[in-house]
Amino acid sequence: MKIFFLCRTGYHTSLVAASMFLESLSGGSCRRGNPTGLKGYGRLPGKEIGKPFFVGTGKGHIDVYTIGVSRENALLAKAAGELAGLISSGAGDFQIVDTTPAMSKWTCFGFRLKRIGLEGPAEFFCSLGMKREIPGLRKLLDEKTKTVTGKKRA
Amino acid sequence: MKIIYHCYGGAHSSVTAAAVHLGWLPTDRIPETGELKKIPYFDRPVSKDHGRIRFMGTDEFGNDIYCIGRRNAFREFENMTRGLMEIYGVPEDHIYLVNVMPYVNWKMVLGGFTSRRLRITPVGRAVIISGVKYSYWYIVSMVNRVKVCTAGKNRRTAETGG
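Residue numbers (this note's numbering), protein chains in the order written: chain B, 1 to 154; chain P, 1001 to 1162.
Calculated directly from the structure, the hints in this document are not laboratory data. Just so it is clear, CB atoms sit at the ideal spot from N, CA and C, and this is done for glycine as well. Treat the hints with caution; some may be incorrect.
Sample of chain B residues with no beta-carbon within 10 Å of chain P, all distances over it, derived [what the hints assert, rightly or not]:
hint : residue
1    : 20
2    : 47
3    : 65
4    : 75
5    : 77
6    : 105
7    : 138
8    : 146
Keeping only pairs whose Cα atoms sit at most 25 Å apart, straight-line, the calculated DMTMM-like set for lysine to aspartate or glutamate is [as the list claims (entries may be wrong)]:
hint : chain 1 : residue 1 : chain 2 : residue 2
9    : P       : 1037      : P       : 1078
10   : B       : 59        : P       : 1086
11   : P       : 1107      : P       : 1049
12   : B       : 39        : P       : 1093
13   : P       : 1147      : P       : 1028
14   : B       : 59        : B       : 93
15   : P       : 1153      : B       : 82
16   : B       : 47        : P       : 1078
17   : P       : 1048      : B       : 119
18   : B       : 2         : P       : 1093
19   : P       : 1002      : B       : 119
20   : P       : 1038      : P       : 1060
21   : B       : 47        : P       : 1092
22   : P       : 1107      : P       : 1028
23   : B       : 2         : P       : 1060
24   : B       : 47        : P       : 1028
25   : B       : 144       : P       : 1093
26   : B       : 47        : B       : 82
27   : P       : 1002      : B       : 82
28   : B       : 2         : P       : 1086
29   : B       : 2         : P       : 1078
30   : B       : 39        : B       : 119
31   : P       : 1002      : B       : 48
32   : P       : 1048      : B       : 82
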């Protein structure tokens, strides 16, 4: 089973959602440039945008990935589902979760700042955005991953 | 092998290329307006169909031909396809992506916008057909190149027993 979390960059909201799903999000390993302590958080995908990023394997051998989709989240969520179906020959062992609706405007502002080289403010706004995203992501995960885990996640 | 023709809306250039590939359109002359209108999905998909992969048919070599409209997310779509193939352990030559956008001219853009977005289909469709006819030989030569490339890949796959 594979789950793909989608967001604008693939390294912000989707990564937080993926870590929440894997129950690996903690503030214990926070360091500069990475408010969450998550591997890859805050990276800018550049030319590699769209390439799935492996986050980890969860309970029941569920592989979790993130994908950056720019502004075309609805279109690429549809395309990712169709492609995964086509490539896996209709095995149906995947789920696409679009986290863009839960994305905070502060996170967007943060990665725009990073794009123009303002690392410090970018880090501040991304961490602010992340804090605001967490309740929305928790709700989204409750709704979307119920079928995967078979139970409502805490 | 699966061959996916992709363009902005998946309604004109990619559909025309797929039709040429499948032999539904002639390669020795420019098709008539009626022939173009008869192609399935030609000037039909709307914006909610963007991102949907549509099966068009199977060519003479057994390759499955698909079309998709991916708006301006060309890089995201190609990277995502390659990444997913890697994840599922599918050989690189299992899916062949063809970007048809370089063969789209201003008439096709204007006609597509008028027909699909503004929904003034009679006017837009006439402009699109004129644009498709203008780019037709470019599309035919691109499809021929695709056929040569995919035939080579098919042969290599057959030789290695893949």
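Here's how the hints hold up against the structure:
no. : hint            : in the structure
1   : 20              : holds (21 Å)
2   : 47              : violated (7 Å)
3   : 65              : violated (7 Å)
4   : 75              : violated (4 Å)
5   : 77              : violated (8 Å)
6   : 105             : holds (21 Å)
7   : 138             : holds (26 Å)
8   : 146             : holds (24 Å)
9   : P:1037 / P:1078 : violated (29 Å)
10  : B:59 / P:1086   : holds (22 Å)
11  : P:1107 / P:1049 : holds (22 Å)
12  : B:39 / P:1093   : violated (31 Å)
13  : P:1147 / P:1028 : holds (16 Å)
14  : B:59 / B:93     : holds (15 Å)
15  : P:1153 / B:82   : holds (24 Å)
16  : B:47 / P:1078   : holds (11 Å)
17  : P:1048 / B:119  : violated (37 Å)
18  : B:2 / P:1093    : holds (23 Å)
19  : P:1002 / B:119  : violated (43 Å)
20  : P:1038 / P:1060 : holds (21 Å)
21  : B:47 / P:1092   : holds (19 Å)
22  : P:1107 / P:1028 : holds (23 Å)
23  : B:2 / P:1060    : violated (35 Å)
24  : B:47 / P:1028   : violated (39 Å)
25  : B:144 / P:1093  : violated (33 Å)
26  : B:47 / B:82     : holds (23 Å)
27  : P:1002 / B:82   : holds (13 Å)
28  : B:2 / P:1086    : holds (13 Å)
29  : B:2 / P:1078    : holds (20 Å)
30  : B:39 / B:119    : holds (17 Å)
31  : P:1002 / B:48   : holds (23 Å)
32  : P:1048 / B:82   : holds (14 Å)
Going down the numbered hints, you'll see the structure goes against 2, 3, 4, 5, 9, 12, 17, 19, 23, 24 and 25, while the others check out.
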